[in-house]
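Novice: Each chain, written out:
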Amino acid sequence: MRSARALAREFVGARVVLLALAVYMVAFYVIRGLIVGPGHPIRLAPPNGLAAVLVVPMTFAGFYFIGIFTFGLSGDLAARESIYPRRLFTLPLTNAALAGWPMLYGCAAMSSLWFVAAAVARIVGADVAVPWIWPMLFCAATIAWMQALTWMPYGVRGLRVVLAVIALAAIDMVVFAAVNLHVANATFVALLAPQLPIAYLVARYGVARARRGEVPDWSWLFRQGRERSGERTRSADVSRTFTSAFQAQCWFEWQSHGRTLPALVALVVPVELLLLFIPGNDTAPIVFEVVFIALLSPPFLAVFAAPHMAASSASPYMARRPLASMDLVAAKLKMTVWSTLAAWALVIIFICGALLLSGRMAVVVERLRTGSEVTGTLRMIAVVVVLLVALVASTWKHLVQSMCVGLSGRDWLIKGSVLAGLIALLALWPFIDEVLRNMKVQGVVWNALPWILAAMVLMKMIAGGCVAIILYDSRLLNDRALVAGAAAWLFAVVAMYGVLVWFADSPAIPRYLLGAVAILNVPLARVSAAPLAFEWSRHR
Amino acid sequence: MVVRLRGCAADERARISDQRVSATSICALPTPIPVEFASSLQQSDPVIHIANLTRRFGAKTALNSVSVSMPRGAVYGLVGANGAGKTTLIKHVMGLLKAEGGSVRVFGLDPVADPVGVLSRIGYLSEENDLPGWMTVNDLIRYSRAFYPRWDDTYAEELRNAFALDSAAKIKNLSKGQKARAGLLVALAYRPELLVLDEPSSGLDPIVRRDILGAVIRTIADEGRTVLFSSHLLDEVEEVADHVTMLRHGTIVLSAPLADIKAAHSGLSLDEIFISTARA
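Same order as they appear, the protein sequences are chains A and B. Heads up: the first sequence runs through residues 1 to 540, numbered per my numbering. Heads up: the second sequence runs through residues 1 to 280, numbered per my numbering.
The following block holds chain A by itself, in its conformation from the complex (with noise of 0.2 Å):
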């Protein structure tokens, strides 16, 4: 028991999230019963505004416990090693010890949160009969396969993110689909139980090769298209330099992140568009939502991309380069507009030509040549062009607007900024739930909306003054740069307005609100203070 204990104080973090859980779930309770009372039901098909201030902080520990269990949040995802700790391998402990115990704790975890989660369910009294048995063995199979093939050592670099996708994505699926053909209890047990004991042997042999320190090494695969390409790199190496510093750095910063979102955008936006590929899937309606899916998967993605982009940035090494530390955010920010690039360029590829050998690209096209034969064959275009700017713009608001939180440089703002996200989220679904639920909320709003926007856009322009005024004063801009900035931030909230203007002008809409949804939407405030948060980092 004594490795049981060792190996235990590895995980006080998911002791302090299940305390924490318990805390909120007993608060949970008490606002309900004291406060909301019971004319607020629980309805969790689908989700009201209620039951996410449930479901929401159990997906997030659910998550929190994969990446805790699996040791995946302090190792590399993508290396070939495994990536269980080394300093582990030094303990007087059996491999059977070092996979079994992790293991254990790691179903527990999860298996109490769905106890958790359906016990207040029931206890709250919500609209679905919430299962007890074989959720909880879900849960324990879905990080009993994580920690297998994580700790697996792997002869290319990626593969283990790949097989932990498709892992994930192979046990969500046998589950929906008996949940979708309603199989018994006793069914869904026989499938789940036998993989917990498969997935503790593979990691056991996992454990046990990292340990040795064996990794496979399977180059030889591309070892020939390597050394061609290599061959080329060398002869295009000697010639090859940088103009600038600058130059320098822009190369530094898309070969660091460049690729990660155009890469997230590979490995997941082909898997929606399988969908198209399915018998049956030929229909307008079905063949559009696809498409929709896949369009905005990379505003999606970039909102998990953004962190991995300006973490590193805060490294010593960088505030070592002899640059400026407008000239370093410019860098990253210049990145970020071609990683966004690329992303788009592999989202349409993907979908031309998924559209193409699935054969639903007439259905695509006809539904166009409706659409322009109503409203015109050039406002058809232009609406389709709007919005893939639109889109492209919002993937890159989203690399781009938590930036300057990532190149503070510190832990706790980035893990603050997180939770107070987060806080933010539980507290504003139950009032939207509400707003969209309830008409006379919602004339309240309406009323009210002038002062609300009025209140957001004046926020939003003393922010930017303040970060301007600092900027000043810092003399990390001079006047002209702050004001080429300004000229260049107006000029797209007008474009925004003109684009909003002509696609939505109807006496319904009052032009303020158009104009205050392009001030808000236009990056301001937190765009500007990346150069703040960098030095701030940089000078400690």
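If you're looking for bench data, these hints aren't it; they were derived computationally from the structure. One should not assume that every hint holds.
Unchecked claim - Among the chain A residues that face chain B by a calculated CB cut under 10 Å, a handful are:
hint, residue
1, 240
2, 241
3, 248
4, 249
5, 251
6, 316
7, 317
8, 322
9, 323
10, 327
11, 330
12, 334
13, 475
14, 539
Owing to the predicted nature of the structure, the values given are computational and were not obtained by experimental measurement. From the three backbone atoms N, C-alpha and C, an ideal C-beta is built for every residue, glycine too.
Since the structure of chain A is already known, use the hints to place chain B on it.
Specialist: For chain B alone, kept in the frame of chain A given last:
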């Protein structure tokens, strides 16, 4: 300038001892090519001037009213026990830390207000080699030379050959010693006016340590260049330093030319002086 070279062969030592050192004198490293040294400083101006520098981390005072002035052309040894404040002092010189009290001037410039002006003239190597692991040695050279107009391609190539670094090898696949050599290459190849070495030899084998010492000598071989060298290995400091500053609990307890220190301590080695000062 007198430089002691205990680690070299006797005939080599005899050849170079008590005379201005040339880079060929040690370790078979390539000959430095004299370059025009354009410094904005006057000969008498200190390269580093620190006045009453104070820095606290929470309740702990890392540096307590430290004042140091380092003249041009000297090898300055910075010694002290773990946690004495050596790295904190060097980080202030590099502009990575902002002075809470007092002032720091490097080449007469504030390294926080003008990081480009200062960093472009400093070569830096630390124990924590944080070069980007994904780069190849060739990438590192290509990338680094873009920042320094005075980068010398021939010299860089000579260093790469002398250090036996494979240009196609990735940094992350290099051994600790090879990483230190790669760091040394990019710190030296633009012939910096000031070479800052923060515990560069810790955990490295004697061959790499010899290369680092060679780098110190190569740097001062070029007229007017300065070295700030912090190390636990006092015999190394003793071999190359003209001036030694000893820190204890963030305070300077000893700062004088090495010859004066040794004269005052009746021929004791720096190791023995360090231990006796630490116990005092």
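Novice: So, for every hint listed, does it hold in this structure?
Specialist: Each hint tested on the structure:
Proximity of residue 240/A to chain B holds as hinted, the smallest CB-CB distance being about 7 Å (cut-off 10 Å). For residue 241/A, the interface hint holds, the least distance from its beta-carbon to any beta-carbon of chain B being 7 Å, beneath 10 Å. Below 10 Å, beta-carbon pairs count as interface contacts, and residue 248/A has one with chain B at about 3 Å; its hint therefore holds. Contact between residue 249/A and chain B, as hinted, is supported at the beta carbon level, the nearest pair being about 8 Å apart and thus within 10 Å.
Interface restraint check for residue 251/A: the shortest CB-CB distance to chain B comes to about 7 Å, inside 10 Å, so the restraint holds. Checking residue 316/A against chain B by beta carbon gives a least distance of about 6 Å; that is within 10 Å, so the hint holds. Evaluation of the residue 317/A hint against chain B yields a held restraint, the C-beta minimum of about 5 Å falling below 10 Å. Residue-level restraint check for residue 322/A holds (minimum Cβ-Cβ distance to chain B is 4 Å; threshold 10 Å).
Using the Cβ-Cβ criterion of 10 Å, the hint placing residue 323/A at the interface with chain B is satisfied: the shortest such distance is roughly 6 Å. Satisfaction of the interface hint for residue 327/A is found here, the shortest Cβ-Cβ separation to chain B being roughly 9 Å, below the 10 Å cut-off. A hinted interface residue such as residue 330/A counts as satisfied when its beta carbon comes closer than 10 Å to some beta carbon of chain B; here the least separation is about 14 Å, so the hint is violated. Annotation: residue 334/A was flagged as interfacial toward chain B, and the flag is violated, the nearest CB pair being 15 Å apart, outside 10 Å.
Using the Cβ-Cβ criterion of 10 Å, the hint placing residue 475/A at the interface with chain B is satisfied: the shortest such distance is roughly 8 Å. Look at residue 539/A: its Cβ gets to within about 5 Å of chain B, closer than 10 Å, so that hint holds up.
Going down the numbered hints, you'll see the structure goes against 11 and 12, while the others check out.
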